[in-house]
Amino acid sequence: MIRLQGIEKSFGRHPMLKGIDLEIGTGEVVVILGPSGSGKTTLLRCLNFLEKPNAGRIRVGDYEVDCRTAGKKEIQQLRLRTAMVFQQYNLFRHKTALENVMEGLLVVRKLPKREAREQSVQLLEKVGLGGKLDAYPSQLSGGQQQRVGIARALALNPEVILFDEPTSALDPELVGEVLSVIRKIAKEGITMIVVTHEMGFAQDVANHVVFMDEGKVVEEGHPNRLFSSPKEERTRQFLKRITPDGVYSI
Amino acid sequence: MKLDPSFIWKAFVELLSVVPTTLLITVVSVACGLLIGTAIALIRTFRVPVLHPVAAAYVTFFRGTPMITHLLLIYFGMPLIVDGVSAFFGWPFRSSAIPMIAFALLSFSITAGAYASEVVRSGLIAVSKGQLEAAYSIGMTTPQALRRIVFPQAFAASLPNITQLFIGMLHGSTLAFAVSVVEINAKAQIVAATNWKFFDAYLAAALIFWGLTVLIERAAGLLERRIQLYNRGGVA
Amino acid sequence: MEQEFDFTYVLQFIPKILSTLGTTLTIVGGSLVLGLAAGLLAALPRLYKIPFLRRVSQVYVSFFRGTPILIQLFLLYYGLPELLKQADIDLSKTPVLVFVILTYGLHVSAYVSEMIRASVESVDRGQVEAAYSVGMNGVQAFTRIVLPQALAIAVPVFANLLLALLKDTSLAFTLGVMEMTGKASSLTTLTQHFVEAYLSLALIYLAVCLVLERLLRVLERRLLRHEARPVPAKSFESWRTKWLPFGLPQAFKLRSKGGDA
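Protein chains in written order, with the numbering used here: chain A, 82 to 331; chain B, 241 to 476; chain C, 748 to 1008.
In short, the hints are calculated from the structure, not lab data.
Hints may contain errors.
To give a feel for the contact side, a few chain C residues facing chain B, derived at Cβ under 7 angstroms [claimed, not checked]:
#	residue
1	Phe821
2	Phe889
3	Pro895
Some but not every residue of chain A turned toward chain C, in silico, with C-beta under 7 angstroms [as the list claims (entries may be wrong)]:
#	residue
4	Asn129
5	Tyr144
6	Gln158
7	Lys213
Here a beta-carbon is modelled for each residue, glycine too, at the ideal position from N, C-alpha and C.
Given the sequences, and given the hints that come with them, work out the whole structure.
See below:
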């Protein structure tokens, strides 16, 4: 279970998050929607402490931190329980696909090399890259790189995987392969928080949708409900702009 | 250490009188260097037959050897050639009539040319191929496209490197002492010779060079900002 | 006056000049070690943004990059013994070579410091974030992720630096050190065959430069094997000149353009 309480974050004098409260059950797939600048990505990065929130509490599983007082140790503990898939993949450029996945296992989890390798190979096979173990990121397509990124996140066996617009840097024809991998692992019951603009994906994979605007949660609920009959005017406006007619009317 | 501030000041003022010589050497060698360098870069980019390997050899040789050897080779080699040619045609001209500074200017221009060719070349590479194609697509000829489209962009891209070339040549001008040209470095030696306060004299020289370098960097920074206005909103 | 050009002198001079190659390489090696250590030291306050030391390092780097090496040689040679006399250290019997190595070391350290700073800063911020996201701590992220990549980026700059240093050591003769240039110049006073002597000297420098360049290219290729399209060597030759260290950000932009896409 993940619980966020009163998360606040500002950049300089500009408030990005104005008190976010959110509860996510184990195994849930949550999609966060919202116009750009609404704070979705910032929220995700706060969860992993890539941005340090100014206030609030974060609970992941049985571990809870007060963001105001969190020190190195707490941050480390939180990061061990979360994993991130980046928009720009951020694969380690000087390491092969296999080494990218193994890196966390070796250095952070301190697994013996052999075991780390076995697990990593399995994960890469799972994302359909069993044949690309020794390829460097620069030799892979964007879609392949992102699938390695997903395998790298899975390797840590985190309580939750955070996806930061995982397909928006991809060419349209490569989006499908990445989404289908995410879909596949969603079905395995891994908790996921996904920031995305892929409405179709949100509709068939998410069991909870959160709509954010101007640093606040405007509305949340089951995708069927939220897409077909949004309560808030702002949600309605946003959905109208982002979806072609008829997509969300079920 | 006993510094003599009044002597440093005196040396400083005396050195200022030869700053024009240093700047002359620097500006001439950079300007000629850029001309030579542009020619070389074009020859190599467009792979002009015959000239292309010659240009490559020129760049390799002059970048692979110290600047002082260029100066000494020109200084001792040129007279042999000039006098030989002169004697062959029966001209009265003798190499001894060539002023010392001419050797420095010639030699440093050749050195700068080798380095400048690389500056220009990387500038050209920085301009994407699409720019040239777009120029062709609206019917420009190659010279037109180069002059109007490629060079301005390449210049903007290579400005930081041109600045470094300039500073390099400024510092390199101190070698002119080897052919008895009195620029800042040689002058410092002369000033100090009267009272053996070499350190004080060279300190003054260092301050002048430091000041000039910082000045050039500042000026280049300003120029860069103005020139790259069109680039705003790019990656940075 | 001068003798006519005679190529046999070149053949005769080359081995004689080569006999002092060791001195030249000693200066290069000694000042390189010193320069790397001092350069790292100078880079740290700026990488970690330590308030006061950062300014000191800036001024230090600016001075040694802002003044000609020839002036620096004289400054240290005349100034250091005086300075240390105050501390009752007598340098009057210290060999000139020590001053020369010290000066070149300090000179190089300024460039090394810029090289370190620029290469570390050019590693994409996302790499560090990814390292944190898999749970690495600051030290692990630096040593395992940033450093290897920064190293690969730094190699061409380093190559550049090393070759410039080699060529710059030709000025050590002004303080009377018998390295290759000093040797060549002494040969001319004996024989009056100036052009042959300096041509031989130039050819030796050229050969040493080319060998060093090859070796460094191999090193670069090994460190950069993770880039699919090897960085086009041609476009990078320009960064191999000493005079261009400040053009670095450009070089890095070009590189990342070549690597991504």
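Hints and how they fare:
{"no.": "1", "hint": "Phe821", "verdict": "holds, 5 angstroms"}
{"no.": "2", "hint": "Phe889", "verdict": "violated, 25 angstroms"}
{"no.": "3", "hint": "Pro895", "verdict": "violated, 24 angstroms"}
{"no.": "4", "hint": "Asn129", "verdict": "holds, 6 angstroms"}
{"no.": "5", "hint": "Tyr144", "verdict": "violated, 13 angstroms"}
{"no.": "6", "hint": "Gln158", "verdict": "violated, 9 angstroms"}
{"no.": "7", "hint": "Lys213", "verdict": "violated, 12 angstroms"}
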